[in-house]
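Visitor: Generate the whole structure from the sequences, applying the supplied hints.
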Amino acid sequence: MRKINIKNFAKSIIRLFTIICFIEFMSATPYNHDTIPSAPKTQETEKIEHLVLFKFKPSVSTQQRQEVVNRFMALSNSLKDGKPYLKVEYGIQNSKSPAKGNYDVGFRVTFNSIADRDYYVGKIGGQPDPQTFDQMHDDFKSFVGPLLDLNDPTTGGVLVFDFKSNEKENDSIPETEYRLDHWTLFRFKPSVTQAQKQKVIDGFLALKNSKKEGSPYIKLIDFGYQNSKEGADRGYEVAFRISFTSEADRDYYEGKSSQNAPGTFDAMHDAYINFVKEFLDIDPDLSRGIMIYDYEVKR
Numbered sequence: 001m002r003k004i005n006i007k008n009f010a011k012s013i014i015r016l017f018t019i020i021c022f023i024e025f026m027s028a029t030p031y032n033h034d035t036i037p038s039a040p041k042t043q044e045t046e047k048i049e050h051l052v053l054f055k056f057k058p059s060v061s062t063q064q065r066q067e068v069v070n071r072f073m074a075l076s077n078s079l080k081d082g083k084p085y086l087k088v089e090y091g092i093q094n095s096k097s098p099a100k101g102n103y104d105v106g107f108r109v110t111f112n113s114i115a116d117r118d119y120y121v122g123k124i125g126g127q128p129d130p131q132t133f134d135q136m137h138d139d140f141k142s143f144v145g146p147l148l149d150l151n152d153p154t155t156g157g158v159l160v161f162d163f164k165s166n167e168k169e170n171d172s173i174p175e176t177e178y179r180l181d182h183w184t185l186f187r188f189k190p191s192v193t194q195a196q197k198q199k200v201i202d203g204f205l206a207l208k209n210s211k212k213e214g215s216p217y218i219k220l221i222d223f224g225y226q227n228s229k230e231g232a233d234r235g236y237e238v239a240f241r242i243s244f245t246s247e248a249d250r251d252y253y254e255g256k257s258s259q260n261a262p263g264t265f266d267a268m269h270d271a272y273i274n275f276v277k278e279f280l281d282i283d284p285d286l287s288r289g290i291m292i293y294d295y296e297v298k299r
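Numbering (full-length UniProt numbering), first residue to last: 1 to 299.
Accuracy of the hints is not assured; some may be wrong.
[Stated by the list, open to error] Listed next, the in silico BS3-like pairs over lysine-lysine satisfying Cα-Cα at most 25 Å (straight line):
| hint | residue 1 | residue 2 |
| --- | --- | --- |
| 1 | K298 | K100 |
| 2 | K96 | K47 |
| 3 | K47 | K229 |
| 4 | K123 | K87 |
| 5 | K212 | K100 |
| 6 | K123 | K141 |
| 7 | K164 | K208 |
| 8 | K80 | K212 |
| 9 | K164 | K212 |
| 10 | K298 | K80 |
| 11 | K57 | K141 |
| 12 | K141 | K87 |
| 13 | K277 | K211 |
| 14 | K96 | K80 |
| 15 | K100 | K219 |
| 16 | K199 | K219 |
| 17 | K100 | K256 |
| 18 | K208 | K123 |
| 19 | K83 | K164 |
| 20 | K189 | K164 |
In case anyone wonders, no lab produced these hints; they're calculated from the structure.
Guide: In structure tokens, the structure reads:
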């Protein structure tokens with residue numbers, strides 16, 4: 001009969017007991033939220049951009065124009081389900097580009113969801129339940145309508161362009177700092193394919209790598225395809241918003257429209273302008289295929 005090594009046998013018993021205890025512990029305490037803290041979940045906010053540009057009738061006074069601004073900005077106090085649900089900024093056109101639109105004042109409204117945007121837009125053609133739309137905004141539309149030059153052939157009196165934002169939070173300029181926003185809207189030729197449109201978008205976004213005095217100077221580029229329900233997009237299909245922290249940076253970007261000495265304009269942007277014209281519906285005039293609106297942000 002084989003002789004048992006008592007010492008080794010004891011070690012085996014201890015090892016087996018340890019394994020059994022570990023299995024029982026794992027069965028009794030599974031990996032779940034009660035025993036092991038899970039990583040905190042972050043709820044991503046879907047930001048919707050809503051650009052509104054107004055062209056006033058020539059008869060509208062300076063006082064009336066200021067009243068429009070005051071009433072529009074007051075919409076930031078409007079409520080949905082008892083809570084504020086939008087942010088509003090505005091500015092007066094100051095672009096030096098030959099493609100600048102002939103609008104008098106612009107407003108940027110941001111929402112946290114399409115549902116919020118739809119509540120704000122409200123009544124279009126029908127008479128829905130008053131609880132489904134923003135009565136304060138509806139009253140504003142009734143007020144501003146008679147002041148707008150709706151018969152102007154180039155502007156239609158109003159332009160509305162909405163899109164789902166692609167902005168990353170860490171790219172934003174703090175709300176308390178100076179900001180100059182530069183909006184670019186494109187209308188493509190009918191023959192342009194989706195692949196070509198994406199090429200135009202990729203080229204525009206690449207401009208964030210452009211440099212001024214050896215360093216990147218464009219703080220933010222946001223973009224999106226038109227998704228407004230108001231029918232006032234004037235045929236533009238995609239929009240870009242660039243934020244600058246100084247007027248000098250904006251002038252360097254716009255470049256040859258106001259300054260063309262070597263080193264005073266963004267050569268990368270200038271090359272992009274020459275590239276993109278092939279795809280834009282700029283015939284018979286530039287403003288048909290591209291519209292620029294710049295303004296120092298007022299909050």
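Visitor: Run every hint past the structure and note whether it holds.
Guide: Structure-based check of all given hints:
Straight-line distance between C-alpha atoms of K298 and K100 comes to about 19 Å, which keeps the hinted pair within the 25 Å bound. Taking the CA atoms of K96 and K47, the gap is near 29 Å; set against the 25 Å cutoff, the hint is violated. Using a Cα cut-off of 25 Å, the hinted pair K47 and K229 holds, with the two alpha carbons roughly 17 Å apart. A distance of roughly 20 Å separates the Cα atoms of K123 and K87; the hinted pair therefore holds under the 25 Å criterion.
Under the criterion of a C-alpha separation no larger than 25 Å, the hint pairing K212 with K100 is consistent with the structure, at around 23 Å. Proximity of K123 to K141 is assessed by CA-CA distance (about 10 Å); at most 25 Å being required, the pair is judged to hold. The suggested pairing of K164 with K208 holds, with an alpha-carbon distance near 20 Å, which does not exceed 25 Å. A hinted pair counts as satisfied when its Cα atoms are at most 25 Å apart, and K80 with K212 does not qualify at roughly 44 Å.
Between the alpha carbons of K164 and K212 the distance comes to roughly 29 Å, so the proposed pair goes past 25 Å and is violated. At roughly 24 Å between alpha-carbon atoms, K298 and K80 fall within 25 Å of each other, so this suggested pair holds. Restraint check for K57 and K141: satisfied, since their Cα atoms lie roughly 16 Å apart, inside the 25 Å limit. For the suggested pair K141 and K87, the alpha carbons sit about 18 Å apart, so the restraint of at most 25 Å is met.
Taking the CA atoms of K277 and K211, the gap is near 23 Å; set against the 25 Å cutoff, the hint holds. A C-alpha spacing of about 39 Å is found between K96 and K80, which places the hinted pair above 25 Å, so the restraint is violated. This hinted pair checks out: K100 and K219 have alpha carbons roughly 22 Å apart, not beyond 25 Å. Among the hinted pairs, K199 with K219 is consistent with the structure: their alpha-carbon atoms are about 22 Å apart, no more than 25 Å.
Only pairs whose Cα atoms come within 25 Å are accepted, and K100 paired with K256 is accepted, the gap being roughly 14 Å. Restraint check: the Cα-Cα separation between K208 and K123 comes to about 39 Å, which exceeds 25 Å; the hinted pair is violated. Under the criterion of a C-alpha separation no larger than 25 Å, the hint pairing K83 with K164 is consistent with the structure, at around 22 Å. Simply put, K189 and K164 have alpha-carbon atoms about 23 Å apart, close enough for the 25 Å limit, and the pair holds.
In this structure, the hints that do not hold are numbers 2, 8, 9, 14, 18, in rising order.
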